[in-house]
Every structure is written in structure tokens, then in C-alpha cells.
Amino acid sequence: MVYNMEDLLQPILNGILLGGLYAVIALGMTTMFGIVKLVNLAHGDLMILSSYLSLIFISWLGVNPFWSLLVIAPVMFLVGVLIQGFLLNRVLGKEMEPPLLVAFGLSIILQNTLLMVFTPDARSLMTDLSVKTIPIGSSLNLPVLYFVDFLLGCAVILVLHLFFRKTYLGRAIRAASDDEIGARLMGINTRNIYAYAMGIAMVTAAVAGVLVGMTFTFYPHTGPQYLIIAFGVMIIGGLGSMAGCLVGGIILAEAQLLGAHFAGPGYQLLSGYLVLLIVLGVRPQGIFGKA
Amino acid sequence: MSDSAALKVGGLDVKYKDFQALWNVSFEVRQGEIVSVIGANGSGKSTLLNTIAGLLSPSRGTIKFFGERIDGLLPHKTVPRGITLVPEGRRVFPRLTVFENLVMGSYIPRTRAGKDEMLKKIYELFPILRARHNQMANTLSGGEQQMLAIGRAMMSEPKLILCDEISLGLAPVVIKDIYKRLGQINREGITIVLVEQDIKRSLKVANRAYIMLEGKVVLEGQPASLTEEQVKKAYFGI
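Same order as they appear, the protein sequences are chains A and B. Going by this note's numbering, the first residue of the first sequence is number 1, and it counts up by one from there. Going by this note's numbering, the first residue of the second sequence is number 1, and it counts up by one from there.
Heads up, a few of these hints could be off.
What the hints assert, rightly or not - Part of the chain B face toward chain A, derived, beta carbon under 10 Å: (1) Pro75; (2) Leu96; (3) Arg112.
What the hints assert, rightly or not - In silico negatives: residues of chain B with every beta carbon more than 12 Å from chain A: (4) Lys77; (5) Pro80; (6) Arg110; (7) Glu117; (8) Ala224.
It should be emphasised that the hints constitute simulated quantities derived from the structure, not laboratory data. Here a beta-carbon is modelled for each residue, glycine too, at the ideal position from N, C-alpha and C.
With the rest of the complex left out, here is chain A:
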């Protein structure tokens, strides 16, 4: 069979770009897992909450969705601080199950509140970027919105990385995750630290929510769909690893798009999960995870 390699380039390019978006979706969740061993089952819903917040904002002011981040990012930071400070900190350090249940409950409450307020209609954050493409060569097109997703995704990962490496607060968060009592002995109020960490995770969810809202349509019940993507990225990349987030995102997106390319759009999700299974079989700790 003679196969035209040029046909492959477009899904590969799209997969890389989409991988950047997947990475931001997973970033907040992998951060919280790495720090507090918290599996935030409401992560997808909180992300979709940001999409809706952005929707309110842009339909109110009629501005570009990016501008809405200036308001939504701080709001989501606060939401994260409150969720961790008033809900999750109370059940932390006991067993794995209580925080899981609290997050699950939060997910259900969020979905139904969104349903009540916004109705089940499909929404999206309108932007003129979504129809633009830049031609590369004769057969390849760069979708501008995907490209923006990718660039912003990489930027958020880089900023978060620097935050954790270079600032007192970022280092304190890592220190607390390494040895909580040791961290308390440095004068770190670890309860506050976890709340700030969740706030920061929610800022990444705000960025992810706006990007997802611009790129795809969303409904009140879309959250879990992205939670599963976040899980996939985390598992492929390695739990708690930030570099793994980007690589995991790209691998999952490539698996989906190439699967769709070869086997048809119906196989997009299946081929993503197949790659996930293969990674679990070959390297269960993930690509960047520590054994």
C-alpha cells in the first residue's frame, strides 16, 4: 500500500497542539495529587465552571474570552482556597476515601447547579480565532486556536514550574509535600499552604476552562469527560510530574487523533485508552514518574 505521508502530518501537528491543551487540563489535578495526594474528582467540573464564568463575563461585556481570565483567574483562586480551606482540609490526613468522597460530592453539586443556572444547552466561548488557519507549505494548515491553546498551555506549565522552583511559597508547598512536620517546624502554616496550592491549581483550571470553552462546546455535564482526559494525561506522564503533563498530553492527543485518522472518528477515544493501557502495562509509574 502506498501511503501518502503528507496526510499524516496534519493529525500529528494537531495532536501536538491539542496535547498542550490536554496538559493544562491535567496540570492542576496533577499538582494537587503531587502535593497533598488528593485526587480531585471535581477538577473537570471546576474547569467547566470557569468556562461558564467566562461565558457570563463575555456576554456581559462583549469582550474577547482571554480578557475574562483577568477576572476569572483570581475568582477561581479564591474558590480553590475556600474549597481546600473549608472542605478538603477537614478530611485531610485521615484516609484516602474521605477527600475522594468530598470531591465527588462537590462534582455532583457543581454539575447540578450549572444545570439549574445555565440549562442543558450547549455553549461555547465565541472567538474569531476558531475559524482562522495559517497555511504551512502546500497541504498543511496550522489551526490558530489550537496553536494558541498550545502556546498558552506551555506558558502556564513554565510559569508554574518557575513558581515551584523559585518562590518561597512554591518551595514551601513542595517542602510540605515532602515532610509536613518538617515544614511546620520551619514556621510554615501547612493548612494555609494546601489552600494556596489548591487556589493555584484552580488558576490553571481557569485557563483550561477558557481554552476548552473556546475550542469545544460545553454543557453542565462535560466536566467528567475532561476529568478522564486529565487522568489519562496524569497516568501517561507520571503522577505529580509537570514535564510529564506536557508529554502525557501530547501522547494522549496523538493517540486519539491518529486513531481517528486511521480507523475513523468513532475510534478516537478508544485508541486514546488503548495507548493508556499500554503505558500502564509497560511503565505503570508513567513516563516521568518515579518507580
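Knowing the structure of chain A, use the given hints to seat chain B on it.
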């Protein structure tokens, strides 16, 4: 005398749920002293230090630091006041570099501005830490980790350092080196409380000693004034 008391503990009871670990413990440390607290396993030494540092809260009694009540205050309130604990088992941050571990020592706002100067001082005190400053703490040897734990505690510019079993599991030559550094730290005017099972070594460096048994202080005095007989009897409770 009580005017120069850096730390004054009076009638302290500490309980872990139903188990009472400290019984009416009174304890005093004067500024600039090295005070040794010795006792067998489970005699309440670590509990005493953890309560002073704020990891535990007493059910009765008072702790005063330079005249100010600090009992029941959490570590993020006691550290800024100048108390630091070098905990049992060191508790360095394994996945942070040596440098980052030290920087965490200066987490409290008061010490951040002077961070670089303190860092220089600690690298002079423990040159091995400078050589290893970019290494993860979990790649260090036990002795190096202990030096890191002490250096990290020093970064908070403390008035009082509480050291819990700092010679545990270390080679004698390393212990000797660490004790030499502690002497240097003390000569700069920093008060030190040592909790040790190694009676001989800690009595040698201490100005005064307390011996604990089953959660109570059973003997106190200057090491020179305590006979071996007395110490043995108090330590073993015979």
C-alpha cells in the same frame, strides 16, 4: 536568676489521648546555656521538646519564652519568636536541594532579607553543605543530613535551638564534628537544649542537665556536681 531565664517551663502535663507523657515537668534554660535532657527511651524527652516547639499542646502548665507565654502556640508562631527544633529523624526535605532546604529555614518573613548572609555563615560552619548545595537532600549521608537539619534550623536566626537526638545512628567521628559545630553556635550566644541518649557526651558539653524518667524530671544539676551513681539511679529508676 529567673530574669535571665530564656525558657521557663512550669508544671507541664502533656497527654496523647489517654496516655499521659509528661507529669508536672518544670524546666528552665538560661540565656546562652547548653542544657542537656537525658533519659531512657519513652521518658518524655522528645515530648518535652515537641511541646516547647508547638507541635504538641500541653493539657496543663505554662511555657514562657523570655517572659512571654508560648504554651499552645503552633510552630508558625513559635519560630518567629526565635525557637527552632532540630527534630528527631532530621526531617530534611528529601526532594528539595540542599540549598532549597536551607532557604526553607528562612521562610518566616523576619529572616528573608538576611537570607544570603545566613547562608554564607552556614556554609562556613558546614563546608560540606556548600559542596553539595545543588544535590537533593535524599542523596546525602546521615551525618550530612544532620548538618543540613541544624543549618536549616539556624537559618531562622533562632535564640534557642532544641536538638532532638542529633547523634542517633551517626559514626562517632561525625558526632564529634557536629558537637564541635554546636559549641561554635553556642559561643555566638545561641541557647541550646540537647536531648540525647548518649549520656557521657551530652553531659560533657552541658552547663546543666535534667534527667527524666517516665515523664517526670527526677534529677537536675550541673554535670560536675552529679555523681555517676546519682545519674545511673535517676536514669534507670532504681
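Verification of the supplied hints:
{"no.": "1", "hint": "Pro75", "in the structure": "holds (5 Å)"}
{"no.": "2", "hint": "Leu96", "in the structure": "holds (6 Å)"}
{"no.": "3", "hint": "Arg112", "in the structure": "holds (7 Å)"}
{"no.": "4", "hint": "Lys77", "in the structure": "violated (8 Å)"}
{"no.": "5", "hint": "Pro80", "in the structure": "violated (6 Å)"}
{"no.": "6", "hint": "Arg110", "in the structure": "violated (9 Å)"}
{"no.": "7", "hint": "Glu117", "in the structure": "holds (17 Å)"}
{"no.": "8", "hint": "Ala224", "in the structure": "holds (33 Å)"}
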